[in-house]
Every structure is written in structure tokens, then in C-alpha cells.
Amino acid sequence: MPAAAAAAAAAAVDAAAAAAAVEAGAQAVAAAEEAAAAAVEAAAAVEAEAVEAAAAAAADAAAAEAAAQAQGGIQQQQQQQQQQQQQQQQQQPPPAAAAAAAAAAAAAAAVEAAAAAAEAAVEAAVEAAAAAVAEAAAEAAEAAAEAAAEAAAAAAAAAAAAADAAAAEAAAQAQGGTRDERLLLSAAAAAQLAQTNHLNCLLQQQQQQQQQQQQQQQQQQQQQQQMQQQMQEEQQMQEEEEQQQQQMQEQQQHPPPQQQQQQQQQQQQQQQQQSTCFTAAFLQHMIGFVLNRTNKQQQQQQMVLPLRSPFRRRMMLQQQQQQQQQQQQQTEKLLQQQHTNISSNKQQQQQQQQQQQQQQQQRITCMLSINKFFSWFCFK
Numbered sequence: 001m002p003a004a005a006a007a008a009a010a011a012a013v014d015a016a017a018a019a020a021a022v023e024a025g026a027q028a029v030a031a032a033e034e035a036a037a038a039a040v041e042a043a044a045a046v047e048a049e050a051v052e053a054a055a056a057a058a059a060d061a062a063a064a065e066a067a068a069q070a071q072g073g074i075q076q077q078q079q080q081q082q083q084q085q086q087q088q089q090q091q092q093p094p095p096a097a098a099a100a101a102a103a104a105a106a107a108a109a110a111v112e113a114a115a116a117a118a119e120a121a122v123e124a125a126v127e128a129a130a131a132a133v134a135e136a137a138a139e140a141a142e143a144a145a146e147a148a149a150e151a152a153a154a155a156a157a158a159a160a161a162a163a164d165a166a167a168a169e170a171a172a173q174a175q176g177g178t179r180d181e182r183l184l185l186s187a188a189a190a191a192q193l194a195q196t197n198h199l200n201c202l203l204q205q206q207q208q209q210q211q212q213q214q215q216q217q218q219q220q221q222q223q224q225q226q227m228q229q230q231m232q233e234e235q236q237m238q239e240e241e242e243q244q245q246q247q248m249q250e251q252q253q254h255p256p257p258q259q260q261q262q263q264q265q266q267q268q269q270q271q272q273q274q275s276t277c278f279t280a281a282f283l284q285h286m287i288g289f290v291l292n293r294t295n296k297q298q299q300q301q302q303m304v305l306p307l308r309s310p311f312r313r314r315m316m317l318q319q320q321q322q323q324q325q326q327q328q329q330q331t332e333k334l335l336q337q338q339h340t341n342i343s344s345n346k347q348q349q350q351q352q353q354q355q356q357q358q359q360q361q362q363r364i365t366c367m368l369s370i371n372k373f374f375s376w377f378c379f380k
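Each residue of the sequence shown is one higher than the one before, counting from 1 in UniProt numbering.
Among the clues, some could well be false.
DEER-style ranges, computed between Cβ atoms [claimed, not checked]: (1) 270 with 229: 36 to 44 Å; (2) 242 with 217: 33 to 41 Å; (3) 376 with 262: 35 to 43 Å; (4) 342 with 365: 33 to 41 Å; (5) 330 with 274: 53 to 61 Å; (6) 314 with 291: 16 to 24 Å.
What the hints contain is simulated information worked out from the structure, not anything from laboratory work. Just so it is clear, CB atoms sit at the ideal spot from N, CA and C, and this is done for glycine as well.
Using the sequences and the accompanying hints, generate a full structural model.
Written out as C-alpha cells, the structure is:
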């Protein structure tokens with residue numbers, strides 16, 4: 001089958017490319033290891049040679065310096081001997097131990113100088129060896145990279161050749177294939193179309209889900225805005241109610257000028273009624289006082305003036321009775337007037353209070369109905 005052949009060819013090409021890359025990598029690693037080992041060996045040889053050369057140079061220098069010092073010491077001894085002989089042996093010659101000590105000190109200094117020179121040579125050799133190792137490693141890495149690139153190019157060429165061969169074989173098989181193979185190819189194409197359609201459907205579903213999520217988020221935002229508006233409206237309603245209550249309380253505590261005038265008028269009426277009641281009581285008291293005085297005077301006159309006839313006595317009695325009745329009637333009238341005045345004042349006060357209470361209740365009911373209407377309208 002062409003599909004199976006193409007898959008097999010692709011797998012073979014991949015395997016060949018992987019094997020070529022592995023081999024190229026292994027070769028590059030081996031070459032790098034060899035180059036590093038060679039560089040280390042070269043550095044060790046250079047270091048050993050440098051140390052030996054430095055040690056030999058230091059030994060030669062020490063020997064030369066010792067010989068020079070020995071020669072110089074001999075010459076000095078000869079000169080001193082000559083001077084001593086000329087001065088008639090005033091001083092003794094220096095012993096051989098001093099010359100040996102001087103030679104030893106010179107040898108130690110030479111050894112120290114040789115050691116310092118050897119250390120400097122060793123450091124220079126190490127640095128040179130490190131530089132050589134780095135250069136060798138860089139050259140080995142470049143060579144390995146070039147080899148890997150060449151191997152990759154070769155693998156790509158082999159893969160291209162295998163792909164061309166597979167394509168050619170597939171074309172040949174497709175041209176010379178049987179009806180079953182064509183049916184299989186058409187089935188594979190139909191399966192690919194079905195897969196593409198399925199993928200398109202999945203993409204459409206994802207897009208629809210994203211749109212639905214966006215719509216839900218918008219709805220949630222709108223609901224939150226509506227809730228915030230409702231909360232703000234409720235707060236405004238509460239604030240308005242509180243303001244109205246405060247206004248009502250202020251009106252009760254500090255009523256408007258019309259109510260103040262009404263209250264002043266009521267107070268004036270009450271004061272007038274109280275004054276009329278007081279005047280009526282005072283008049284009643286004065287009338288009773290006057291009547292009592294007149295009665296006393298009449299009684300005194302009757303006691304002083306003798307009544308000559310019974311007829312006159314009767315007339316006087318009748319007059320007294322009439323006067324008493326008149327006094328009683330007057331007092332009763334005054335009492336009735338006072339009672340009527342007091343009852344009328346009470347009725348007026350009660351009526352005014354009822355009217356005020358009714359007005360306040362009407363205002364409160366109106367405000368509550370207005371608030372309910374606004375709240376119902378806003379929530380609706």
C-alpha cells in the first residue's frame with residue numbers, strides 16, 4: 001500500500017538521520033577527547049622540559065657564581081697576604097671557615113634565585129599549556145561541528161532521496177494499483193476530510209462557548225449594575241424618608257408662620273376665654289356681695305322700722321323672695337354661661353387638635369404612598 005510504504009520510508013529516513021547524527025556526535029566526542037589528551041601530554045612534556053632546563057640553568061649559575069666567588073676569595077687572600085707582609089704581619093689572615101661560610105651563603109642565594117626562576121618558568125609553561133589546550137579544544141570542537149554539519153547534510157540528502165523514492169513508488173503504485181487500493185485511498189481521504197470537519201466543528205463549538213461566556217459575563221455585569229442602581233435608589237429613598245422625618249420634626253418643633261399664627265390665635269382665644277371666665281366669676285362675686293349687702297341693709301331697716309300692718313309684711317317678704325329668686329337665676333345664668341364657655345373652649349381645642357392630627361396623618365399617608373409608588377416604579 002502507498003500509505004504504508006510512505007510511512008515506512010519516512011521511518012527509515014528518520015532512523016538513518018538519527019543514526020548518522022549519533023555517529024557524528026560520537027566521532028566528534030572521540031576527536032575532542034584525543035585532542036584534549038594530546039594537549040595535556042604536550043603541556044606535561046613542555047612543563048617537564050622547562051623544569052629540567054630551569055634546574056640545569058640554576059645549577060650552572062650556582063656553580064659559576066661559586067667558582068667566581070672562590071676565585072675572588074683567593075685573589076683577596078693573596079692581596080691581604082701581600083698587604084700583611086708589607087705591614088709586617090700586623091694582622092692575622094682570615095681563616096678558611098669564613099671563606100666556606102661566604103661560599104655557602106652565595107650558594108644559598110643562587111639556589112633561591114634558581115628556585116624563583118624555576119617557579120616563573122613553570123607558571124609560564126602552565127599558561128602556555130592551558131592556552132595550547134584551549135586552542136586544541138576549540139579546533140577539535142570546530143572540526144566536530146563541521147563533521148556534524150556534513151553528517152546532517154548527508155542525512156538530509158539521504159532522506160530527500162528516500163522521500164523521492166517513496167513518492168515515486170507511491171505514484172507508481174497509485175497508477176498501477178488495483179481498485180481496492182484506490183478505494184482505500186479514497187477512504188483515507190474521506191477520513192481526513194471527516195477529521196478536518198470534526199476539528200472545524202470543535203473550533204466552532206469553542207467559539208460558541210466563548211461567545212456564550214462573554215454574553216454571560218455581560219449579563220452578570222448588567223445585573224450587578226442594576227443591583228447597584230437599586231441599592232443607590234433605595235439609599236436615596238431612605239435618605240429622602242429621613243429628610244422628610246427630619247422636616248416633620250423640625251416643623252413640629254419650629255412650625256411655619258401660618259401654624260405659628262394659628263397657635264398664637266388659639267392662645268389669644270384661650271387667654272380671652274380665661275379672662276372672660278375670670279371677669280364673669282369676679283362679677284358674680286361682686287353681685288353676690290352687693291346683694292348680700294342690700295339684704296343686710298333691708299333686714300336692718302326692717303328691724304329698725306316697725307311693720308305696722310301684716311299686708312306690708314307680706315309685701316316685704318314677697319319682695320325678698322323675688323330678689324332671692326332673681327339672684328339665684330342670675331347666678332345660675334352666670335354659671336351656665338361659664339359652663340358653656342368652658343365646654344365650647346374644650347370642644348374648640350379638641351377640634352383643633354383633631355384637625356392637626358388628621359392633617360399630619362394625611363401628610364404621612366401621602367408621603368408613604370408616594371414613596372411606595374416610586375419604589376414600585378423603580379423596582380419594576
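Quiz prompt | Violations among the numbered hints | solution = Failing hints, ascending: 1, 5.
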